[in-house]
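Undergrad: Next come the chains, spelled out residue by residue.
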Amino acid sequence: MSGFFKSSIGRKVSMALSAFFLMVFLLQHLSINMMSVFSAELFNEVSHFMGSNPVVQFALQPVLIFGVVFHFVMGLILEIKNNKARKVSYAQNNGAANSSWMSRNMIWSGLAILAFITLHFIDFWFPEINTKFIQGDWSGLHNGEFRYYHELQEKFVNPIRVAGYCIAFVFLGLHLAHGFTSAFQSVGAASLRKKLGVIGKAYAIIVPLGFIIIALYHHLNHNH
Amino acid sequence: MNLTLKIWRQKDASTKGKMVDYKVTEISEHMSFLEMMDVLNEQLVNSGEEPVAFDHDCREGICGMCSMYINGEAHGPDRGVTTCQLHMRMFKDGDTITIEPWRAAAFPVIKDLAVDRSAFDRIQHAGGYISVNTSGNTQDANAIPIKKEAADTAMDAATCIGCGACVATCKNSSAMLFVGAKVSQYALLPQGQVEAADRVKNMVAQMDLEGFGNCTNTGACEVECPKGISLENIARMNRELMKASV
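Chains as they are written, first to last, in this note's numbering: chain A, 1 to 224; chain B, 1 to 246.
It is possible that some hints are incorrect.
Unchecked claim - Only pairs whose alpha carbons sit at most 27 Å apart, straight line, appear in this in silico DSSO-like list of lysine-lysine:
no.: 1; chain 1: A; residue 1: K6; chain 2: B; residue 2: K243
no.: 2; chain 1: B; residue 1: K16; chain 2: A; residue 2: K87
no.: 3; chain 1: B; residue 1: K171; chain 2: B; residue 2: K111
no.: 4; chain 1: A; residue 1: K195; chain 2: B; residue 2: K147
no.: 5; chain 1: A; residue 1: K81; chain 2: A; residue 2: K6
no.: 6; chain 1: B; residue 1: K227; chain 2: A; residue 2: K194
no.: 7; chain 1: B; residue 1: K171; chain 2: B; residue 2: K227
no.: 8; chain 1: A; residue 1: K87; chain 2: B; residue 2: K18
no.: 9; chain 1: B; residue 1: K227; chain 2: A; residue 2: K195
no.: 10; chain 1: B; residue 1: K6; chain 2: A; residue 2: K84
no.: 11; chain 1: B; residue 1: K92; chain 2: B; residue 2: K6
no.: 12; chain 1: B; residue 1: K171; chain 2: B; residue 2: K16
no.: 13; chain 1: B; residue 1: K6; chain 2: B; residue 2: K23
no.: 14; chain 1: B; residue 1: K171; chain 2: A; residue 2: K6
no.: 15; chain 1: A; residue 1: K201; chain 2: B; residue 2: K171
no.: 16; chain 1: A; residue 1: K194; chain 2: B; residue 2: K243
no.: 17; chain 1: B; residue 1: K227; chain 2: B; residue 2: K92
no.: 18; chain 1: B; residue 1: K111; chain 2: B; residue 2: K6
no.: 19; chain 1: A; residue 1: K87; chain 2: B; residue 2: K171
no.: 20; chain 1: B; residue 1: K92; chain 2: B; residue 2: K18
no.: 21; chain 1: A; residue 1: K84; chain 2: B; residue 2: K11
no.: 22; chain 1: B; residue 1: K111; chain 2: A; residue 2: K81
no.: 23; chain 1: A; residue 1: K194; chain 2: B; residue 2: K171
no.: 24; chain 1: B; residue 1: K243; chain 2: A; residue 2: K81
no.: 25; chain 1: A; residue 1: K84; chain 2: B; residue 2: K171
no.: 26; chain 1: A; residue 1: K195; chain 2: B; residue 2: K148
no.: 27; chain 1: B; residue 1: K201; chain 2: A; residue 2: K81
no.: 28; chain 1: B; residue 1: K147; chain 2: B; residue 2: K201
no.: 29; chain 1: B; residue 1: K201; chain 2: A; residue 2: K84
no.: 30; chain 1: B; residue 1: K171; chain 2: B; residue 2: K18
no.: 31; chain 1: A; residue 1: K84; chain 2: B; residue 2: K111
Hints listed in this document are in silico derivations from the structure and should not be mistaken for laboratory results.
Build out the structure end to end from the sequences listed, making use of the hints.
TA: What follows is the structure, encoded as structure tokens:
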């Protein structure tokens, strides 16, 4: 089996498997964030559970970090390999005649998402790591109240950051518009191609739109 | 019609090439693209210039030899055709047409528009066959019942003529549509299933060795393939390799 993952098809399947994992994670992330729109209390409770549960923190979180890093590193390796496979470019190439913009520009939408993840880590993940693992504060409290909802709202005050988040979610949508069906094709699920195409389009619109709604909601409601 | 042609000229594999402009006049819209190229070459020979080298053989869409990247598309702007089946009526009087060879590290240019596609032959040698004794006592193939659907799908895959348009058009220069078709045409039939595991492993290993890129499922190959080979063949090859590797 190790030989399989060294082959071009094996690398493609490993990209698909990490993509499936990340797409499930996105659904989970969206579901929890969406709670913040409906109930600050519920959002705080769930955030505290996710932020303090040992299984989430010490088992799922490292797997998630590995999944994200693997997907980006493998994506970059494949891009470099693919560039080497054509040393002389065409003087004229009409890619739009036979393929979607999204499918031809996965590396660019991917790099935009990578830039966003860096910002997102600076905004949320690094402060969390600092609070819990460096300062050793696992209470989730600030001035006697859960801090999660308040911290979330604070981050969406600045309109430039909100705009940055919304643009990143558009790139996420473009990435998913090809990535969803591509991952299924890579693992050999071709007979469901048409159905997966419809589900993929819906997923690529609903998930990023959900994140955009959450960002805009907190930007517009941060004083309340 | 009168046309301006921008054609890749390259003396040999080791010399650097460049795009050169040519004018052709009084081209009939009923001509095939290769006939138009013949007119150009006649013109070049008459003026003492070197004719443009390009591959061609049957000129009826079967041999897979004609390989030109025309106006940014493999085999030109028409669908389901090879370059020899492309008619000049697809173009307009006064058009400028860009003509380039297949571009892929695994398909080095031999001269002008002719490229070396022997990488495909080596992939075929690695497993694109069935080891049947053909010494006179071969069983009638029709003696083995085969589902109509499997026979039809295998036949569809077998229509691949190995022209290399899939590699040329793929942004990654991937050969997976070609190898997927060759793997599929045997994997779907009982005669081919006996050696299916070794076949897919050896053919994929050879494909990787030749320096083709990795498929990213853009689907461009399927659109530009003159024989309409479906992406489902790539998915089947992926499944076959997973099965063979477990």
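Undergrad: Return the numbers of the hints above that this structure violates; sort them in rising order.
TA: No numbers; nothing is violated.
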